Amino acid sequence: MKSIKIENLEQLESAAQKFLLEVKDYSVIAFYGAMGAGKTTFIKALCSCLGVLDNVNSPTFNIINEYATDQGDSVFHFDFYRIEKPAEALDIGFEEYAYSGNLCLIEWPQKIEQILPNHTLKVHISVQDNYSRILSW
521 MKSIKIENLE
531 QLESAAQKFL
541 LEVKDYSVIA
551 FYGAMGAGKT
561 TFIKALCSCL
571 GVLDNVNSPT
581 FNIINEYATD
591 QGDSVFHFDF
601 YRIEKPAEAL
611 DIGFEEYAYS
621 GNLCLIEWPQ
631 KIEQILPNHT
641 LKVHISVQDN
651 YSRILSW
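Going by my numbering, the letters in the sequence shown line up with residues 521 to 657, in that order.
In case anyone wonders, no lab produced these hints; they're calculated from the structure. Bear in mind that the values here come from a model prediction, so they are computed numbers and not experimental data. Cβ atoms here follow ideal geometry from the backbone N, Cα and C, with glycine treated the same way.
With beta-carbon atoms standing in for the labels, derived distance ranges:
#	residue 1	residue 2	range
1	L529	E615	33 to 43 Å
2	A607	K538	29 to 39 Å
3	E586	L641	13 to 23 Å
4	I654	G613	29 to 39 Å
5	Q531	G613	34 to 44 Å
6	P606	N650	28 to 38 Å
7	E616	N577	20 to 30 Å
8	N650	E616	36 to 46 Å
9	G592	D649	39 to 49 Å
10	N575	E530	18 to 28 Å
11	N577	V647	17 to 27 Å
12	L641	E616	15 to 25 Å
13	D545	G571	13 to 23 Å
14	D593	P637	17 to 27 Å
Here are the simulated BS3-like pairs of lysine-lysine, each with C-alpha atoms no more than 30 Å apart in a straight line:
#	residue 1	residue 2
15	K544	K642
16	K564	K544
17	K522	K564
18	K605	K631
19	K642	K605
20	K544	K631
21	K538	K642
22	K538	K631
Generate coordinates for the entire structure from the input sequences, incorporating the hints supplied.
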């Protein structure tokens, strides 16, 4: 198992860069963590490192956001918190996004666990007693 410890917000960007180097073979990345663990914050840092030009925020109500990078690539950001059953994710075309080859970053993947592609990287974000975060996969 690999992990990255993030002591504070100042380390976020460098942690995101290191993470991207470690996981470059994955296009679907699922982020598990409690409410407030930092899933969206870390995804914002990843998108910054990827050269995303758009404002990155959690797609809680619209379920998916598409961001464009400065290289013209698409990054898809999902938030399945409001999903009740996997069929709802299928209804919005999740499989097409997941198998598109574009980077898909998923919050609350446990809601659609049974339809995640086999080659999904599962990342766990845990909050430590000193409020630092540990990403493990």
